[in-house]
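> Protein sequences appear in the order of chains A and B. Using full-length UniProt numbering, you'd call the opening residue of the first sequence number 1 and step up by one each time. Using full-length UniProt numbering, you'd call the opening residue of the second sequence number 1 and step up by one each time.
The reader is advised that the hints may include incorrect statements.
Distance condition first, Cα-Cα at most 25 Å in a straight line; then the derived BS3-like pairs of lysine-lysine [stated by the list, open to error]:
(1) A:K169 - B:K319
(2) A:K312 - A:K383
(3) A:K319 - B:K181
(4) B:K312 - B:K383
(5) B:K319 - B:K383
(6) A:K181 - A:K169
A short, non-exhaustive set of chain B residues, derived as facing chain A with CB atoms under 8 Å [as the list claims (entries may be wrong)]:
(7) L38
(8) P57
(9) D60
(10) D65
(11) V87
(12) G89
(13) G94
(14) G102
(15) A196
(16) G200
(17) P206
(18) A238
(19) R244
(20) G247
(21) G286
Stretch by stretch, here's where chain A covers chain B in the computed footprint (C-beta under 8 Å, at least three residues) [said to hold, decoys possible]:
(22) 23 to 31
(23) 69 to 82
(24) 162 to 174
(25) 178 to 187
(26) 391 to 398
These are computed hints drawn from the structure, not numbers from a lab. Cβ coordinates follow ideal geometry from the N, Cα and C atoms, glycine included.
2 protein chains.
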Amino acid sequence: MSSAGHDSPATDRLWSVEEHLEDVLTTIRPLEPIELQLLDAQGCVLVEDVMVPLSLPPFDNSSMDGYAVRVADVAGASEEFPAVLDVLGDVAAGAADPLQVGPGQAARIMTGAPLPPGAETVVPVEWTDGGLGEGPVRGMPARSLAPQGATGQVRVYRPAPARAHVRDKGSDVRAGALALKAGTVLGPPQIALLAAIGRGRVTGRPRPRVVVLSTGSELVQPGEQLEGGQIYDSNSFALTAAARDAGAIAYRVGAVADDADTLRSTIEDQLVRADLMVTSGGVSVGAYDVVKEALSHVGDEDEPGGGVEFRKLAMQPGKPQGFGTVGPDHIPLLALPGNPVSSYVSFELFVRPAIRTLMGLQDVHRPTTRARLAADEPLTSPKGRRQFLRGTYADGEVRPVGGSGSHLIAALAQADALIVVPEDTESVASGAEVEVILLG
Amino acid sequence: MSSAGHDSPATDRLWSVEEHLEDVLTTIRPLEPIELQLLDAQGCVLVEDVMVPLSLPPFDNSSMDGYAVRVADVAGASEEFPAVLDVLGDVAAGAADPLQVGPGQAARIMTGAPLPPGAETVVPVEWTDGGLGEGPVRGMPARSLAPQGATGQVRVYRPAPARAHVRDKGSDVRAGALALKAGTVLGPPQIALLAAIGRGRVTGRPRPRVVVLSTGSELVQPGEQLEGGQIYDSNSFALTAAARDAGAIAYRVGAVADDADTLRSTIEDQLVRADLMVTSGGVSVGAYDVVKEALSHVGDEDEPGGGVEFRKLAMQPGKPQGFGTVGPDHIPLLALPGNPVSSYVSFELFVRPAIRTLMGLQDVHRPTTRARLAADEPLTSPKGRRQFLRGTYADGEVRPVGGSGSHLIAALAQADALIVVPEDTESVASGAEVEVILLG
Chain A
1 MSSAGHDSPA TDRLWSVEEH LEDVLTTIRP LEPIELQLLD AQGCVLVEDV MVPLSLPPFD
61 NSSMDGYAVR VADVAGASEE FPAVLDVLGD VAAGAADPLQ VGPGQAARIM TGAPLPPGAE
121 TVVPVEWTDG GLGEGPVRGM PARSLAPQGA TGQVRVYRPA PARAHVRDKG SDVRAGALAL
181 KAGTVLGPPQ IALLAAIGRG RVTGRPRPRV VVLSTGSELV QPGEQLEGGQ IYDSNSFALT
241 AAARDAGAIA YRVGAVADDA DTLRSTIEDQ LVRADLMVTS GGVSVGAYDV VKEALSHVGD
301 EDEPGGGVEF RKLAMQPGKP QGFGTVGPDH IPLLALPGNP VSSYVSFELF VRPAIRTLMG
361 LQDVHRPTTR ARLAADEPLT SPKGRRQFLR GTYADGEVRP VGGSGSHLIA ALAQADALIV
421 VPEDTESVAS GAEVEVILLG
Chain B
1 MSSAGHDSPA TDRLWSVEEH LEDVLTTIRP LEPIELQLLD AQGCVLVEDV MVPLSLPPFD
61 NSSMDGYAVR VADVAGASEE FPAVLDVLGD VAAGAADPLQ VGPGQAARIM TGAPLPPGAE
121 TVVPVEWTDG GLGEGPVRGM PARSLAPQGA TGQVRVYRPA PARAHVRDKG SDVRAGALAL
181 KAGTVLGPPQ IALLAAIGRG RVTGRPRPRV VVLSTGSELV QPGEQLEGGQ IYDSNSFALT
241 AAARDAGAIA YRVGAVADDA DTLRSTIEDQ LVRADLMVTS GGVSVGAYDV VKEALSHVGD
301 EDEPGGGVEF RKLAMQPGKP QGFGTVGPDH IPLLALPGNP VSSYVSFELF VRPAIRTLMG
361 LQDVHRPTTR ARLAADEPLT SPKGRRQFLR GTYADGEVRP VGGSGSHLIA ALAQADALIV
421 VPEDTESVAS GAEVEVILLG
């Protein structure tokens, strides 16, 4: 529930990073699965166990371009004493009713084409004269340019055992087997398998639609002219890009002035296309921090269960945070602080896991590692706050970039890691081991 | 140049993986840079050194919600003996012409608002009575709900040194400094910085448009009914997904029948939206391998410099490969083999680096590592061929999945790594160290 005006005592305590994250991740539920076109399902989580409806390959087929023959007809064949067989014609890939191969006969066969009835094995074209009568060949001439070889006689120079160069029906997967289990994340190889077994659609969780808006009467669109006291809106761009990077479809609404009614109506307008809303700014203790005020009653005021709670977190940057749900459908909303670095760090810690939870992914967090701190002077951190400093990581070593100021956006653009200084640590010497969140 | 019909002696030698890759990567040039809207530039490479046009912050501003005052007026202030100052009004973020603060005066100021002329420092609201006359407060009431505090008098309970809670103009970056250098890949933090310095557009290399088509008269669209001898088209789906994954905008044309004229006209039609074309199938030695034939003269036959060369590579899977350029604009084309595993492995080895080269990225290859082989039996590999087996990698250990057959698509969907067996190695025992390409 919101706390417009004075902070209520209940929300005035400091929340730990874990407490806030747990609140977010236990409130947010994976999106309901829908039927997705195969290529729209890329990066999404499958929610059905997909069974194989037909064996792969669906029929015995040749793994080579060559001639389909009977084993006895080529037994003992050599360059000196080739087997000479009558060529019935071609079996191309996709051929519906292949030829019947009898004794002394051969069918010219292409890779992937069904093994014709009567044939027991395949001799590659390189083991034959290609029907040209001029000794071993290296390949077949294109049929449109050189029709010869598909009729007449072929000389085979080597024997072949039964089912040589034949891919057996079902040798990849058999009908009834489990192709992919529910929970699989669909990358290109999984999409390949689904297509191969004939699935043009699958049931999966869609990408979440994330609406991003920044608040602040001082914000101007990049490319426009700045007047006195104004700055460019960077948060709505950074958060939109970060949401896409996390897997979402992101809509950048841009900057909204510090007016509670405008903000409220903007949010209400956007609810229809949001699975998650993210705001930046207006969450601190200022008289114009209208996000708190606006979010106390968005949508239907009689609807129970909604509301956004504002709280202080034991972290730096990112102390003021809001989280809750808005509108009759209880769309989750994360209200991030407005300083660019605070907003970005808050995204990484709370919004990214929220987006990936909506997607139904198991792995919602950035990877972390331990690294040796390489710093010119000890890092200092306020007691009781978990600090997230920007750094560059390479080969087990992390180096801070820029200071701790939450307005230092230039340094953020050089960083590829966050250095974590725990709540009970006030100073970290160079050479010490620290926890690092890898942003790359 | 193409080699329809018999392979010419020049192209009949075996190419190494490196030779083919080098041919691809020295032929393909990064796309010409264009002006990109900021959010369209996500993941793209910047080609300009971006300088900072204005200092950040552009003006001295408050890092807290509080009161802007003169240092002398709050020197010696305490809870017992507060400084009592006349409040002139509010300085909100975005305020165009702030108040002038004289001796004995204070202006209520919000985070990010410009430090008003005459003021020397900022006392946070928590160090004051918020103008309410009832002792220390925890924050400001929202202005719309409680206008008090912006006028009348404020009691300040603690002194503040000069420029406390003030972010100096230029303390983030100064006008004229280098914001981002040419070659930077634009992720969310870099987009944040560009927006913050007012850049709504940047000059960068666009995402390449990749047209994907598969060839084969046996191919049927997933979701349709299979007839005898037919299989589902999986390559065009897998390659489209993989191209997107590599950073491209991919267009899936789907399956084209084994007819040289149809294929040629399809390719000519698609050239207009292609920075790169990728085909699968029809590159081997069969009589219906029409890709070779079709690609010998696509577009203007009088135009010099084009043509696709077909060659055999010393690798398994993926022995037959084609590469060259097509059409009057010399659009690069990679012709991959048609077996699903061959096609996917070829994409990873050759097409992905090609796409990333078009993007102007430095880092075009998948990461590789060394791992201990954990296998039930030794891996065998044909002499003189570099083999790429599918495997799963975890914690320094790689385990093969499925066999070496290039039709084993079900096993591919379980793999997250390729195990590399060098040309001169015919057997690898479990426990041996192998090179691994990480697909994740």
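> Does the alpha-carbon distance linking K319 of chain B and K383 of chain B stay inside the 25 Å limit?
holds (14 Å)
> At a threshold of 8 Å, is the proposed contact between G286 of chain B and chain A supported by beta-carbon distances?
Holds, about 4 Å.
> Please count how many residues of the stretch 69 to 82 of chain B have a CB within 8 Å of a CB from chain A and say whether that reaches 3.
violated (count 0)
> Is the interface hint satisfied for L38 of chain B? The criterion is a beta-carbon contact with chain A at less than 8 Å.
Result: holds, 6 Å to nearest chain A Cβ.
> Between the alpha carbons of K319 of chain A and K181 of chain B, is the straight-line distance 25 Å or under?
violated (32 Å)
> Would the hint on G200 of chain B stand, with a C-beta cut-off of 8 Å toward chain A?
holds (3 Å)
> Straight-line Cα separation of K181 of chain A and K169 of chain A no greater than 25 Å?
holds (23 Å)
> For the hint on D60 of chain B, just tell me whether its beta-carbon gets within less than 8 Å of chain A.
violated (11 Å)
> Measuring from the C-beta of G94 of chain B to each C-beta in chain A, is the shortest one below 8 Å?
holds (3 Å)
> Holds or violated: the stretch 391 to 398 of chain B covered by chain A, criterion of 3 or more residues with Cβ-Cβ distance under 8 Å?
violated (count 0)
> Verify the interface restraint on G89 of chain B: the C-beta must sit less than 8 Å from at least one C-beta of chain A.
violated (11 Å)
> Could you check if G247 of chain B really has its C-beta closer than 8 Å to a C-beta on chain A?
violated (12 Å)
Checked against the numbered hints listed earlier, the structure breaks hints 3, 9, 11, 12, 14, 17, 20, 22, 23 and 26; every other hint is satisfied.
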